[in-house]
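Top to bottom, those sequences are chains A and B.
Residue 1 is where the first sequence starts when you use the numbering used here, and the numbers rise one by one after that.
Residue 1001 is where the second sequence starts when you use the numbering used here, and the numbers rise one by one after that.
Derived by calculation from the structure, the hints in this document are not laboratory data.
Some hints could be false.
[As the list claims (entries may be wrong)] Part of the chain B face toward chain A, derived, beta carbon under 10 angstroms:
#1 1048
#2 1057
#3 1099
#4 1102
#5 1127
#6 1168
#7 1254
Everything numeric in this text was worked out from a predicted model, so none of it was measured.
We treat Cβ as the ideally placed atom computed from N, Cα and C, and that holds for glycine.
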Amino acid sequence: MAQYYHAHKVDPDLCRGHMTCMRLCPTQAIRVRNGTAGISEELCVDCGSCLVGCPSDAIVPISDDVSETSRFKYKVVVPSPVLYSQFEASVHPYIIHLAFQELGFDAVVDVGDSAEALAFALVEYMKEYTGPLPLISSHCPSIIRLIQVKYPDLVEQVVPLDVPREITAREIKKNLPAKLGLEPEDVGVIYVAPCPARMVSIKQPAEKASSWFDGVVSIKDVFSVLMPHVVGIKETFKESMVPDDFRFTGGWATLGSITRAARMENWLAVSGVHPVMRILDDIENSRLRNIDFVEVLAHMLGCISGPFNVESPYVARANGIKRMQKYLTKAEVDPDDIRKKLKEGYYFFENPVLPRPTTYFDTDLETSIKRMKERERVYRSLRQIDCGCCGAPTCMAFADDFVRGEAKLTDCIFLAQQPDEK
Amino acid sequence: MIKEALNASVLEGVERLDTSVEQVYASDLMSDVLAFGKPNSFLVTGLATQQAVISAHMAEFKGVVFIRGKRPKDGAEKLSRDNQLVLMSTELDMYDACVRINSATRGDSPEPVVVTAQEQAEKMLLSNEFEIQGDDFAKAGIVSTDIKSILKKIGFDSKLVRRVAISTYEAEMNVVMHADCGKVILSVTPQMIEVLIKDQGKGIPDVEQAMQEGFTTSTEEMRAMGFGAGMGLPNIKRNTDEFEIDSEVAVGTTLRMKFNI
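Chain B with its partners taken away, still in its complex shape (with noise of 0.2 angstroms):
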């Protein structure tokens, strides 16, 4: 339908032309595409480029259609072809090639999909993943320490980067200490920083007691290396904004601490 409505002429992925795409983005930006283009998308653009091409695979998207009768040099087609990607080109500006997609799109949708900034900005979460050795003491600190170099990368205040890589690490050092395995979830919004920590072990029995300063179950081992002086949840609370524990014996022990900005 793309083709037809823009008049264009296909470069690569004639066999591909039946493919249905969920959006139209139009962008000269590369990281703009990267940054806000969702998957099976088509690229409308003017960056007659290999960059071009190698964004629209990795922003996932299905195909790519160069403006005002630009042919993009050598190697994109070749790219295209090995990524499934349809190329094409059009005569017409970027203007009028996305008024001439959204009226030949109406009948699908009535109404043209619009997406405010802000819409867009709430839904653009940071969300990384990281995983948590039971036991693997060598280990022991490594995600606090890369979830800390994200957010000061970012360029939160540096105390609230501190309480959060204070909670984090505590966190940690509790599934590494009693857990077999953990997960941790980072999420970041404009307005909050949260922290998932999931793990699967022997679970708490008795989570108020657990809160209790000094309270620990730690091997004497542990202690001999300096964790586990039962301050690690009391500390934890200290430094949260928000933070809910929910655990069960045998199963395992879900923490979710969430930190204002």
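So that you can see chain A by itself, here it is in the shape it has in the complex (with noise of 0.2 angstroms):
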């Protein structure tokens, strides 16, 4: 089932059937056979937990070649705002615009425009919806996933919004070739992303046809071709060089700061994969009906956690406050543009997100009841201790994997050296 791309995959030579992926991973997706992890295609949400577990490094991200981009007469880098958060505060921002100059890109183009303007088109989005509530935020591909695996009958409640990236790859795709006169396929854009899930929904996005972005590269990589630039740099310069038109507007890097943005009443701001099932189970039994929005994002306290970075989120988090409070330049935007721009279609997604339920069982609904009865007659036969050693990271999963035909019971080392003393 080749059916869909992950950035991340399992190399056998390297795994050495460690079961620390199997338990970390949030959706159960990962079972240890032979001795050797496989990641289901179906389950997995490209969070990445297992990538940054693994302590033999089997789980190897698949990234874009940097040097790939040289195909383009005119090359533009996206920088997720995390990137600029790996460096001290006491880097200028414009030092890491100069040091990606010096790596060959032609421009530097951040996000914080196209997120300002999509916080305040949400805001506009918000005042005319009328279905069910929460609306859920669409900014990270990871929870877009699973919600469409795990969460079905929620995908209605995702904002239809496209994300910062996507709407500052389009801006330069659509303007710069023109006013460079240039053919539209001779710019490329590429990104640099803080985690897998980014690098999935550019290659494969969930929500429309293609990425308008042409490469997508990680922070850690861009990082270490990156940092002899910025230290080279920073050894001559002074803040008289920066220019007087250069910009620095941030974006979205840490928990809340869709919410803050969009300056809401009644959000909520959730982290970590767990917590946001947690939450995502709520929303679907309707508690939280007095909350408008909630901010869902993968990894704990935001982007700054995602798994492509190299800083401890927590040393990102400080550096990325004190950047702000120290360069940022607040971003405009012209409501009135935004509002005509809204009401054409332009922030939305392409298509809608769409349901991806996972089928546990290939069969009818008859047979899967009777199937769901075994699960639960082998489950009780187990010790349900998820000790792990049959390969699957609970007992629970032992029991669907085995009515699903894709274990056996003699793999449970309980149940294959000695029935249990009743």
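Both chains are given apart, each in its own frame, so use the hints to dock them into the complex.
Put into structure tokens, the structure is as follows:
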């Protein structure tokens, strides 16, 4: 089933069959069979927990090669705002722009302006919205996938507005080639991503045919080549060198950025896949009826703890806040222009976010009910200590696997060695 | 009797040969044994492995007979000894074995009991029980979330699952807020999902009044936590296809919620 693209895979030569990833996976997408981990394409939501946790570094990201961009005549880099937070607050954002230019990029464009515009568009959208509440932010691609897979009925509560990076890339692709007198295919727009989910959302978007980006690289990969340039430039850098028209607009990198930017009243901001799942359960149970909007992000504290980052999320957070205080230029929004564009559909996803429910049983309802009963029976006969030795994260997952024909009862070390003493 | 009918050799459990069994179940697929086998049956199978013995034990069978002279691999004998199972082996194939058992048992019951797939399906209810503790706000919502996850896995339409989840959640919250403890029984048939919630507690003096939107007896504290806005019962009524409420003061309340599939 090569249906779903994922930005990371298990390298069977490196995998030593640790159970770490299996236990870390929030959607229970990993099984360790015959000494090697396997990730279910259907269930994986690209959060990257396995990638960070693997003790043998056997889960490897699939990233574009930075040099692949040489085919473009004009190269634009759009860094995630998280990238800046990887550098100490004393590093002027302009230094980072200069470092990118030394690396061969012709321009650096930040997502802050688009983020501000989208925040305003969100407020406008919510004024008109009459459907079920709360609305759920569309910012985190990992959470969008989680909703598609595990909470299919909640897709209609996902805000159908696009994300700052895509709006930014679209602006560049639409306007820049004409300005430069180049063909659209000569201008390459590359994104620098803090997490595998962003890579996937660019390689295989959930809500459009294709991304506006031409390529995507991880912060980790970029950081190592960027750092020497940053150090070099900083040695001779003086603030007077910053051109008057330079603007640093920030963007959404930490939890709460969206709700703050949109100045919401009845909001919640939740991060981490497990806490998010609890909130989504609450929403499904129709609790949280008095909340208008939830910002949900897959990683604790927000994108600054995405798996492709180098700096500790707490340090990154401090860096980010300090840099904003020092250098932030408030993005300008033109309310009338945004209202007009919103009406024209400019900010919306091209396609609706559709459910992507997993079929546990490939059978008709009747048989599935029987299988479910069988699962209960199997589960009751297990020790229920979630030892994980069978290669499934919990006894319940093992029972699931058994009724779907993916595991043998003798895979359970207790059932195989010794029947339970009643 | 099975031993004689099949001319079988007993591998294990000679001392238990007089055990009586209610049914004979023949299959090589152990997942079917677990799904359809009834307790106190005897398994006829060609799968001569530990797996067969474990499955028979889990399905609460009395014993296993292996066909076509098969003998189980190591460990199966010890397993069946530990689990009080009889283990036999016959030279007959599965069909012959079943026919012989059938004709041998005719004396006891004149007609062999034939259970059609349809009848079996109707009896094959999924039935799960859950407990709710009154006043335990930290755990409130767990039962409805569990039920939701079971229904999602079966593959019910997500809109239907959500209606069940909302109704169950409201009912669960009512138990947490107003009762001492409660029991939830989820039953699923191919036609219907039913959630029964029975609590022990103070009960509802005036059910009609309680069904009105906005009517609430919850405390200030409960409302501060976002519960008890007096929407619970009306909300349940809205989301169910059939809804019965039965309450006795100082005894408890029983809710029966039905959802058509």
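Evaluation of the provided hints:
no.: 1; hint: 1048; verdict: violated, 13 angstroms
no.: 2; hint: 1057; verdict: holds, 6 angstroms
no.: 3; hint: 1099; verdict: violated, 27 angstroms
no.: 4; hint: 1102; verdict: violated, 25 angstroms
no.: 5; hint: 1127; verdict: holds, 8 angstroms
no.: 6; hint: 1168; verdict: holds, 8 angstroms
no.: 7; hint: 1254; verdict: violated, 21 angstroms
Hints 1, 3, 4 and 7 from the list above are not met by this structure, while the remaining hints are.
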